[in-house]
Amino acid sequence: MPLFLKIKKKPIILFSLIFFQLVLISLQVPLGDEQTYFEKAIFFVFSPVQHGITSFFQKIGNLWENYFYLWNAQDQNQKMREEIFALREENSLLRYTLQNFKNEKEIEDYLSRIHQSFLIASVIGVDASNIYKSIIVNKGTLNGVKKNMVVLDKYGNLVGRVIGPISLKEARVQLITDNESGVSVLPQDKSAVGVVTGDAKGMCFLKYVLATQEISEGEEVMTSGFDSIFFSGIKVGKVVSITSDTSLFKKIIVRPYFDFGELDHVAILTLNSKEIF
Amino acid sequence: MKEAVEVGLGIIIAFLLYTILGKISAAFLQTFNVFTLVVVYFAIARGEIFGASIGTFCGLIQDSFSLGVFGVAGISNTITGFLSGYIAGKINVTPFARNFVFIFFMTSVELVLWLFLYSFIFSEGFNTGKGLIFFQPLITAFLGSLIFLLLRRIKTKYGKE
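Heads up: the sequence lines are chains A and B, in that order. Taking the numbering used here, I'd label the letters of the first sequence as residues 6 to 282. Taking the numbering used here, I'd label the letters of the second sequence as residues 61 to 221.
Warning: the hint list may mix true and false statements.
Stated by the list, open to error - Derived CB-CB ranges, DEER-like:
#	chain 1	residue 1	chain 2	residue 2	range
1	B	Phe-182	A	Pro-53	25 to 33 Å
2	A	Lys-256	B	Lys-215	26 to 34 Å
3	B	Phe-180	A	Leu-92	47 to 55 Å
4	A	Phe-210	B	Thr-188	13 to 21 Å
5	A	Ile-89	B	Lys-215	52 to 60 Å
6	A	Lys-256	B	Gly-149	47 to 55 Å
7	B	Gly-149	A	Val-50	27 to 35 Å
8	B	Ile-207	A	Val-34	34 to 42 Å
9	A	Asn-96	B	Ser-179	51 to 59 Å
10	A	Ser-127	B	Ile-207	23 to 31 Å
11	B	Val-161	A	Leu-36	36 to 44 Å
12	A	Leu-173	B	Ile-214	21 to 29 Å
13	A	Leu-36	B	Ile-207	34 to 42 Å
As the list claims (entries may be wrong) - No more than 30 Å apart at the CA atoms, straight line, and that leaves these computed lysine-lysine pairs for DSS-like:
#	chain 1	residue 1	chain 2	residue 2
14	A	Lys-151	A	Lys-174
15	B	Lys-62	A	Lys-13
16	B	Lys-150	B	Lys-62
17	B	Lys-150	A	Lys-13
18	B	Lys-62	A	Lys-15
19	A	Lys-174	A	Lys-206
20	A	Lys-206	B	Lys-190
21	A	Lys-212	A	Lys-152
22	B	Lys-62	A	Lys-45
23	A	Lys-151	A	Lys-45
24	A	Lys-64	A	Lys-84
25	A	Lys-256	B	Lys-215
26	A	Lys-174	A	Lys-45
27	A	Lys-45	A	Lys-13
28	A	Lys-255	B	Lys-62
29	A	Lys-195	A	Lys-206
30	A	Lys-240	B	Lys-190
31	A	Lys-240	A	Lys-256
32	A	Lys-240	A	Lys-255
33	A	Lys-174	A	Lys-159
34	B	Lys-150	A	Lys-14
35	B	Lys-190	A	Lys-212
36	A	Lys-212	A	Lys-174
37	B	Lys-62	B	Lys-217
38	B	Lys-190	A	Lys-243
39	B	Lys-190	A	Lys-159
40	A	Lys-14	B	Lys-62
Read the hints as simulated data drawn from the structure, not as lab findings. Note that beta-carbon positions come from the ideal geometry of N, C-alpha and C, so glycine has one too.
Please take these sequences and the hints and turn them into a complete structure.
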């Protein structure tokens, strides 16, 4: 080995490692949203580990919870029976309403499509660099998860969409609170069209609403379906503040409906709106 | 071989802690940097080259689980690992108080580097988690020096026996 390399071995290794990572950073520029193969490989290797760890601790936690759960089982059972009764009633009424314009075969097909239209997924990881940007869920390509599938919380409010990398049993979901996200939306009265994007701090901005357009505080914002990713009518959030200055557009802040603290389970819509409806 | 097993174990423990903390509350991830702790630990034990290499590896794992530019945490952890190994080679950082100050300093360096690179690449502010992120060096140093003390005691005990 040349003397120069012997003396400068340590700085050379350090700069080589930094250079390698700078190359990785620059490789992402032409790829845009797409991840490099290297990043996908690391995700592919480590996401099952994360999945396993979460499942293991969830099972231990469940054992503990189940013990206390038994104490309240009778009360909960009674409440659930009442809830099931109400849901059955609602279900039969809806079936009856459907019969008015569809035959039995069509109704069965329709209900079966709805039943297969979503996957329940557990949140197994959050974004370490910024918790409001993305989450990792325990469903992947083996479960039929694909890029751009819509993700909702347990109340049906919009959470985000599936983005890469997607491994066999894990996938990353971009939250609507991410500043790189964009959702085409309409207010309740459909008076204006705008784009909801996150502030990466837990809130969202409603952009591109003209200063001349009418929109008020407290108004609900829903997806418009114009972006061809999120179908129309999904609840996004509520307008909490509107300010106008000399610019062309209003500055509108929207509080998303989904609660980050309650985001332990999500629903991934596996069919698009045309396939469901 | 023993070194490789030790490193692998260190990374798996860091990843395990990272997953558990994130599952309990996302705020823990902002206040306790387990990956930097692993990097500092191995840099003290094995020197700057080892520190830089494990820093690259841990940083890239961290990056692959977050949405952003792949390599930002990688670079900051690589530099932190190298610096930790270099300083630890010049000064004895084993006593508890010195260890605390050292981890506090190295976690601060990593945080500043990460924040600088993030702001430089994205040209925007970052989420400080209502200021929680600024407690990261203090909490990581406190927990880290306790963990290191515990590990030293275990090693001494097994060494004597």
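Numbers of unmet hints, in rising order: 2, 12, 25, 27, 28, 36
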